[in-house]
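Asks: Each chain, letter by letter, is given below.
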Amino acid sequence: MTVHLTHFSAAFVFALFASIVFGITHRETTRDMVRYGLYCFVMFLGGAWLAGWAMWLVRR
Amino acid sequence: MPNSTPAKAKTAAPASAGVMAVLAPAIGWLIPGAGHMIQGRYVRGLLLFVSIITLFALGLMMQGHIYKPNGGDILDMLGFVGDLGAGGMYIVTLAMDWGQGAIAMAVADYGTKFMIVAGLLNFISVADAYHIAIGKKQ
Numbered sequence: 001m002t003v004h005l006t007h008f009s010a011a012f013v014f015a016l017f018a019s020i021v022f023g024i025t026h027r028e029t030t031r032d033m034v035r036y037g038l039y040c041f042v043m044f045l046g047g048a049w050l051a052g053w054a055m056w057l058v059r060r
Numbered sequence: 001m002p003n004s005t006p007a008k009a010k011t012a013a014p015a016s017a018g019v020m021a022v023l024a025p026a027i028g029w030l031i032p033g034a035g036h037m038i039q040g041r042y043v044r045g046l047l048l049f050v051s052i053i054t055l056f057a058l059g060l061m062m063q064g065h066i067y068k069p070n071g072g073d074i075l076d077m078l079g080f081v082g083d084l085g086a087g088g089m090y091i092v093t094l095a096m097d098w099g100q101g102a103i104a105m106a107v108a109d110y111g112t113k114f115m116i117v118a119g120l121l122n123f124i125s126v127a128d129a130y131h132i133a134i135g136k137k138q
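For the record, the sequence lines run as chains A and B. For what it's worth, my numbering labels the leading residue of the first sequence as 1, then goes sequentially. For what it's worth, my numbering labels the leading residue of the second sequence as 1, then goes sequentially.
Take every hint as true, because none was put in to throw you off.
Chain B side only, calculated, beta carbon under 7 Å to chain A, not exhaustive:
id : residue
1  : R44
2  : L47
3  : S51
4  : L55
5  : M61
6  : M62
7  : V107
8  : Y110
9  : L121
10 : I124
11 : D128
12 : Q138
Think of the hints as simulated: they come from the structure by calculation, not from any bench. Backbone N, C-alpha and C define an ideal beta-carbon position, used for all residues, glycine too.
Starting from the given sequences, assemble the full structure and let the hints guide the process.
Replies: Dropping the structure here:
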């Protein structure tokens, strides 16, 4: 079985699962885990989105 | 005589913690999240299991490449170290001869990275299980 993900969906999946692991392993309390996981998710996906637009600008 | 039971408990607790400090990382490496589950952190263990297994499986299904120990190239060796972190999944993948095809599509390289990252995330998970076992983390 082969899965074809777009660049964005690959980034989304990566950000989601990496953020879950980071949240659980880097913080002590449940509340802090959720907050840090969300922070990581936004940073991963936001970083990819910004990098995408930066490359678009460089290309023009 | 009533003091004998607490005294036994005091001596038994560090021994059990010592065993757990070895057992939890070892089992956690073989099966992601299992190191947390055997210490009673079921939700955390389940989330780690699902996250790491899904990332690794998606990497395989995206036709990612799995690295072997005798790669020769330094980057191949680093890839091997990352893949090795996946523990049981890496062993099964090698045994079934999966992940050996030539990369034929652009996102297949993402698949290779997904599997390496899954292994590296499992290393972090193993370290976390160890910290719980020695009482450094709740």
